[in-house]
Each structure stands twice: as structure tokens, then as C-alpha cells.
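There are 2 protein chains.
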Amino acid sequence: LAVALALAAAVALAAWRRRRPRPVREVLFFPSPPSCTESLLAEAAEPGAAVRPCPCPLPRGDCSLSRLLRLLLSARRSLDICLFAFCSPQLGRAVQLLHRRGVRVRVVTDAQYMGLRGSQIGLLRHVGIQVRHDQEDGYMHHKFAIVDRKMLITGSLNWTTQAIQNNRENVLVVEDAEYVEPFLDEFERIWEEYNPTNYRYF
Amino acid sequence: LAVALALAAAVALAAWRRRRPRPVREVLFFPSPPSCTESLLAEAAEPGAAVRPCPCPLPRGDCSLSRLLRLLLSARRSLDICLFAFCSPQLGRAVQLLHRRGVRVRVVTDAQYMGLRGSQIGLLRHVGIQVRHDQEDGYMHHKFAIVDRKMLITGSLNWTTQAIQNNRENVLVVEDAEYVEPFLDEFERIWEEYNPTNYRYF
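Quick note, the sequences are listed as chains A and B, same order.
Counting along the first sequence from 1, when you hit position 98 you're at 98 in the UniProt record's numbering, and nothing is skipped either side.
Counting along the second sequence from 1, when you hit position 117 you're at 117 in the UniProt record's numbering, and nothing is skipped either side.
Be aware that a few hints might be false.
Same chains, same names: a pair is fine if it fits in one copy or spans any two.
[Said to hold, decoys possible] Lysine to any residue pairs mimicking SDA-like chemistry, simulated, CA-CA at most 20 Å apart:
(1) Lys150 <-> Ala10
(2) Lys150 <-> Val127
(3) Lys150 <-> Glu26
(4) Lys150 <-> Glu178
(5) Lys150 <-> Val3
(6) Lys150 <-> Arg25
(7) Lys150 <-> Pro53
(8) Lys150 <-> Leu28
Just so you know, the hints here were simulated from the structure itself, not pulled from any lab data.
With the hints as constraints, model all of the structure from the sequences given.
Given below as C-alpha cells:
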């Protein structure tokens with residue numbers, strides 16, 4: 001009887017483990033070769049709609065950029081972004097798309113770099129996404145995003161085409177709470193500290 | 001008998017788990033307040049020797065910088081460093097100290113930034129540490145180190161006093177092989193690609 005019970009317990013445990021999705025653990029390296037992300041973004045904008053193939057000559061295969069886009073587009077409830085520089089038009093489109101889909105998007109960025117040529121920050125604000133920035137001498141140098149308060153995307157990568165296509169960069173994707181929770185706290189701390197009611201005007 | 005066997009197995013498993021050291025999992029945030037790391041570095045240089053207290057007025061408490069130094073100084077066999085910018089004198093001293101202690105240190109850095117004012121790269125080369133750099137248009141923008149091929153230290157932080165004391169930065173410390181191994185491979189790939197025999201002279 002004891003043996004039978006032990007066996008049954010082991011089988012139940014194995015089944016439970018199989019049902020529980022394994023936490024995402026990934027490493028992406030850059031540069032990512034120039035590639036066409038049109039169909040990926042169009043499909044995400046109108047799921048199920050017939051997507052007209054893009055006529056551009058760029059390759060369409062999987063790459064680090066398309067993987068990063070897919071992970072971000074998996075957001076259902078919230079996306080918290082903390083980025084030194086944000087200039088990539090593809091990543092900007094993905095973030096706008098999530099905002100339109102009703103995902104709560106919040107962006108923290110660096111005051112000196114948000115006016116950079118090609119910066120997406122103005123466009124994000126224009127469509128109604130909340131953006132806050134520092135007022136400090138130091139840089140807001142973080143490069144992380146948190147999807148649905150449970151998936152952390154962090155590393156050396158600024159979201160710029162230069163970094164994506166030309167630099168050696170890394171991005172870690174982590175769902176372990178030991179890492180995600182300190183970053184959630186850091187985001188909330190910075191978000192409150194950079195509240196516009198604290199801005200000083202000279 | 002079956003119950004006794006199952007119990008014995010459970011006890012043995014628990015004991016084995018307890019003996020196996022838990023993998024290090026940490027998150028460090030910056031800025032780290034200016035602090036005195038003299039005694040930490042002096043103690044690491046001559047373990048057991050009487051360390052004369054530093055007369056400087058800076059606080060000596062634990063902070064993100066002292067924690068980063070301790071993790072690096074735990075290296076026994078190897079330290080592989082891949083850094084966009086390396087100017088921090090404290091971190092430079094720690095790396096030189098490990099080199100003198102017989103740890104195999106290798107450094108990869110960015111060609112455009114290694115000549116920066118205050119760069120440690122020349123000093124490291126001067127004491128005989130191997131340094132390699134890119135010859136590309138893009139930046140070698142990684143900011144990671146691997147201790148003894150098993151502990152990954154990575155994030156947004158360049159090893160500069162500006163970043164340590166003034167910027168919002170993060171560093172993750174990871175011992176999970178799923179993350180460490182891709183970074184080991186990336187380091188070896190870059191190390192070989194940046195072999196001086198591949199340098200072009202114009």
C-alpha cells in the first residue's frame with residue numbers, strides 16, 4: 001500500500017510540474033542582422049487579419065530583435081519600461097500597439113537623452129502614454145522592461161537601431177521572482193521620485 | 001519497510017540539498033554612495049595582515065560598490081571581463097590584485113572608449129593583463145564579468161566612478177548555468193574574434 005501511495009504521489013507531482021509553465025529564461029545577443037518585422041507587427045496589431053506581405057527585400061527570419069518584440073507583445077496587462085535611450089521605430093510601434101490594446105504602459109527615461117534625434121519618447125507621449133524623466137546630473141542609465149509584473153527583460157541594450165544592428169549587446173529574460181521583485185520595487189521608487197510634481201523649474 | 005525507505009530517502013535528499021551551496025542570486029542597484037574601500041582592498045591584498053585604518057572621512061559601510069568588489073575578489077581561478085568602459089580605480093585595483101594572486105584575468109573592451117581619461121585599460125596592460133578590443137564601427141557595449149566560469153555579473157553598469165556614484169544602474173549576479181553558459185560562449189567568441197592577429201592596420 002505504501003509503495004502504491006508513494007508512486008501515486010510521484011505521478012501527481014510530475015503531472016503538476018508539467019502543467020505549470022516553466023519560467024522563461026533566455027539570453028539574447030546583439031547585433032541582430034537587419035530584418036523585416038512588418039508582418040510580426042501587423043499580425044500583432046490585428047490578430048487573425050490577412051496580412052499583406054511586405055515588399056521590402058530584408059530577410060524575415062527569427063532574430064534577437066524579433067524575439068524581443070514577441071516577448072514585449074506578449075504583455076496582457078502592464079508594461080513598465082525604464083530606458084536610457086529609446087529610438088527604435090519597431091520597438092516604439094510595439095509599445096504604441098500595446099497601449100492601444102489597453103495594456104497599461106509606463107515609461108521612465110533619461111532627460112538628457114529623450115530629445116535625441118529619432119527619439120520615440122515624443123511619439124509615445126503624443127498618443128497618451130505616460131512618460132517620466134529624471135532631473136539629476138547622473139544618467140537614468142537602466143535598460144529594463146517588466147511585462148505583466150512578472151517577466152523582466154534587462155541588459156546592456158538601449159532600444160536604438162544603432163545598438164540593435166551594430167553593437168555587441170546582451171539581454172536577459174527572467175521570470176524568477178528573486179530578480180523580478182527588486183526591479184519592480186526599483187521601478188515604483190523611480191516612478192514616484194520622477195513624479196512631475198517634484199520637477200523644479202528654473 | 002517501504003515507509004521507512006521513503007523516509008530515509010527524503011532525509012538523505014534534504015541533507016544533500018543543504019550541503020550543496022545555494023547558487024548566488026543578487027541584484028545590486030546604483031548609485032552607490034561615495035564610500036571608503038581601502039580596508040576591503042588592503043585586506044584582500046594581504047589576507048590576515050594588520051590593516052592600518054584609512055584616515056579618509058568617507059563612510060565604510062556596506063554598499064553596492066563594496067558588494068561588487070567582494071564578489072569579484074572571490075575569484076580563485078579566472079576572471080573574464082567584457083566592458084564598454086573601465087575607469088573605476090577601485091575596481092581596477094581589485095582586478096590587478098587578482099592578477100597578482102595568480103587568477104587568470106582576460107579583458108575585452110571597446111576601442112573607442114579604452115583611451116578615455118581615467119581609463120584603467122593602460123594600467124592593466126602595464127602589469128601584464130591580457131586585453132583585447134574591437135575594430136568595429138559599432139560599440140563593444142557589453143558590461144559583464146564571469147568569475148571562475150560560474151558566476152555571471154552583468155547589467156547596465158560601466159565600471160566608472162561616474163556610473164557608480166551618479167547614475168541609476170543595475171547589476172545582476174547569477175550562477176544559473178542557463179544564463180552563465182551563453183555568456184561564457186559569447187566571451188570566448190569575442191575573445192577569438194578580437195585576437196590581435198585579426199587587427200587591420202591602415
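Going down the list of hints, with the structure as the test:
Within a single copy, Lys150 and Ala10 get their C-alpha atoms no closer than 29 Å, and across copies no closer than 32 Å, so neither meets the 20 Å cut-off. Taking the closest pair of Cα atoms, Lys150 and Val127 never come within 20 Å of each other, the shortest separation being 26 Å inside a single copy and 45 Å across copies. In the homo-oligomer, the alpha carbons of Lys150 and Glu26 lie at most 20 Å apart both inside one protomer (14 Å) and across protomers (17 Å), since each shortest distance falls under that limit. With identical chains, the CA atoms of Lys150 and Glu178 are at most 20 Å apart both within one copy (11 Å) and between copies (19 Å).
Taking identical chains as interchangeable, the C-alpha atoms of Lys150 and Val3 are never at most 20 Å apart, the minima being 39 Å within one chain and 40 Å between chains. Taking the shortest alpha-carbon separations for Lys150 and Arg25, both the intra-copy value of 12 Å and the inter-copy value of 17 Å come in at or below 20 Å. In this assembly of identical chains, the alpha carbons of Lys150 and Pro53 never lie at most 20 Å apart, being 34 Å within a copy and 45 Å across copies at closest. For a Cα distance limit of 20 Å, the shortest separation of Lys150 from Leu28 qualifies both inside one copy, at 18 Å, and across copies, at 19 Å.
In this structure, the hints that do not hold are numbers 1, 2, 5, 7, in rising order.
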